[in-house]
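Trainee: Each chain, letter by letter, is given below.
Protein chains: 2
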Amino acid sequence: MFNRLSSFVGGAVGAWKVRSQVAYIGPPLAVVDYVSVANGLETNPGEGWSLHGIASNDRYVVRAEKQALVVAQQGLGRPEATFAALIPIRKNAAWWAMTQDERRAVFEEQSHHIRIGMKYLPPIARRLHHCRDLGMPEAFDFLTWFEYAPPHEPAFDELLAELRASEEWKYVDREVDIRLVAIER
Amino acid sequence: MFNRLSSFVGGAVGAWKVRSQVAYIGPPLAVVDYVSVANGLETNPGEGWSLHGIASNDRYVVRAEKQALVVAQQGLGRPEATFAALIPIRKNAAWWAMTQDERRAVFEEQSHHIRIGMKYLPPIARRLHHCRDLGMPEAFDFLTWFEYAPPHEPAFDELLAELRASEEWKYVDREVDIRLVAIER
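If you read the protein sequences in the order shown, they are chains Z and W.
Numbered as in this note's numbering, the first sequence ends at 197 without a single skipped number.
Numbered as in this note's numbering, the second sequence ends at 197 without a single skipped number.
Just so you know, not all the hints are guaranteed correct.
To be verified - Covered by chain W, per the in silico footprint, the following chain Z stretches (three or more residues, Cβ under 8 Å): (1) 68–74; (2) 100–106; (3) 131–145.
Claimed, not checked - Pairs of lysine-lysine, DSSO-like flavour, derived with a Cα cap of 27 Å: (4) Lys78/W x Lys29/W; (5) Lys78/Z x Lys29/Z; (6) Lys29/W x Lys182/W; (7) Lys78/W x Lys182/Z; (8) Lys78/Z x Lys182/W; (9) Lys182/Z x Lys29/Z.
Bear in mind the hints are in silico, worked out from the structure with no lab data behind them.
Note that CB positions come from ideal geometry on N, CA and C, so glycine has one too.
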């Protein structure tokens, strides 16, 4: 089974209810009431939207960082993690034209993306999905997904503020911030 | 137009005639007489095969290397480059589990992939297509494409011998080597 692909479908049904949708950079997505998350390719034939992304290999993380992350991070699906955030992001042509060392230098040496993120583990769980190299045109390059217990939302907002103020974020040309709550189970 | 995706279709028609097909590692592809190369998603409903790959950002190349490559390399479609090679490759789970620094160390510091390739520029033109993160299951991780004038095939075979003897190639678990000639124009 090809399970590295996920679909995030905004519409009238889903396991996650939308609390807010904000376009930070670039145009918004259509306003929807629910988001469903599924393995494989799902689309929305109605008035909502569907975004697709694939879990892939590390692009910047080095072994020493990975060891530290693995010790500190927790996975998705924790019962107390009833808040979520889906933040689709696109980076500009200048970012993609940079070589591997240049992008790593912006990502970590200058922006401290990994170091900043480490401060918010383990309360914030996350998964990164890549969209740019899917065989079909996607509106974004990355779908970033986060889960946490509600009391940790202020800390999550601090994390985002730090990242949005960084050198790396100068290359972001589209960003939508969707906050969700798990449907009562 | 979404033009980073290419389809390589093996079958009864195409602009390239198959001279040979050899499975170096793992199972072969079905024997075909022609290969067609197209932008976008094309499939083969018959007894041949279709492989898809996408041109993407640099994964290992650093700026200093890029500068040297750009000066030395030539593009596809040179009139004298009537021989081609399509070499689909898959790497194993151990490769993909390595962090970015580990894979770079194998790729260049140990295997000298870029340094070896530089020796064969400009006669050998190349393009790398990624398959592993397409939204659909593909048999390979990479589709490597090369073009050269016929007298350069011995040098091309030397290049491949060097790469196949390297540390990087210990992680390759499927490789098919298809040699082509351009149909008379």
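Trainee: Against chain W, does the segment 100–106 of chain Z show at least 3 residues with beta-carbon separation below 8 Å?
Mentor: Contact hint for the segment 100–106 of chain Z vs chain W: violated, 0 residues under 8 Å.
Trainee: Verify the proposed pairing of Lys29/W with Lys182/W, using a straight-line Cα cut of 27 Å.
Mentor: 31 Å, violated
Trainee: Between Lys182/Z and Lys29/Z, is the straight-line Cα distance small enough, at 27 Å or below?
Mentor: Violated - the C-alpha atoms of Lys29/Z and Lys182/Z are around 31 Å apart, more than 27 Å.
Trainee: Taking 27 Å as the top limit, are the C-alpha atoms of Lys78/W and Lys29/W close enough?
Mentor: Since the Cα atoms of Lys78/W and Lys29/W sit roughly 32 Å apart, the hinted pair is violated (cutoff 27 Å).
Trainee: Holds or violated: the segment 68–74 of chain Z covered by chain W, criterion of 3 or more residues with Cβ-Cβ distance under 8 Å?
Mentor: Result for this restraint: holds, n = 7.
Trainee: Tell me whether the statement that chain W covers the segment 131–145 of chain Z is true, taking a Cβ distance below 8 Å and needing three residues at minimum.
Mentor: With 3 residues closer than 8 Å to chain W, the segment 131–145 of chain Z meets the three-residue bar; holds.
Trainee: Within 27 Å, alpha carbon to alpha carbon, are Lys78/Z and Lys29/Z?
Mentor: 33 Å, violated
Trainee: Check the hint pairing Lys78/W with Lys182/Z against an upper bound of 27 Å on the C-alpha distance.
Mentor: Satisfied, since the Cα-Cα distance of roughly 23 Å is no more than 27 Å.
Trainee: Does the structure keep Lys78/Z and Lys182/W at a Cα separation of 27 Å or less?
Mentor: 23 Å, holds
Of the hints listed earlier, those the structure fails to meet are numbers 2, 4, 5, 6, 9, in rising order.
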